[in-house]
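K.L.:
Sequence:
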Amino acid sequence: MLALARGIYNERAFDRMPILADTLQDAGGINEDVLSHCRDTSLAHVHGCWVVDLLLGKG
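Heads up, the sequence shown is in my numbering, so the first residue is 1 and it goes up one at a time.
It is possible that part of the hints are untrue.
Mimicking SDA-like on lysine to any residue, the simulated pairs with C-alpha atoms at most 20 Å apart in a straight line are [claimed, not checked]: (1) 58 / 4; (2) 58 / 11; (3) 58 / 10; (4) 58 / 31; (5) 58 / 26; (6) 58 / 13; (7) 58 / 6; (8) 58 / 14; (9) 58 / 48; (10) 58 / 35; (11) 58 / 47.
FRET-style restraints, in silico, Cβ to Cβ [said to hold, decoys possible]: (12) 11 / 43: 24 to 30 Å; (13) 27 / 50: 15 to 21 Å; (14) 50 / 29: 17 to 23 Å; (15) 32 / 10: 23 to 29 Å.
Hints were generated in silico from the structure; no laboratory data involved.
Where a beta carbon is used, it is the ideal one built from N, C-alpha and C, also for glycine.
All chains should be built: construct the whole structure from the sequences, respecting the hints.
P.N.:
Okay, structure coming up:
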């Protein structure tokens with residue numbers, strides 16, 4: 001999960017956010033707002049995305 005988040009951050013590969021949501025869901029105990037945010041393809045996810053930053057301890 002952290003490797004995926006790191007890859008999204010470093011490569012600015014925000015098209016992988018739905019995959020991150022699936023990984024987080026499989027891990028369990030993740031807030032539905034986090035999962036919804038990751039799966040929302042209408043959002044323009046960018047460097048500084050609060051979910052990725054939270055997972056990586058940034059900010």
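K.L.:
Which of the numbered hints above does this structure break?
P.N.:
5 and 12
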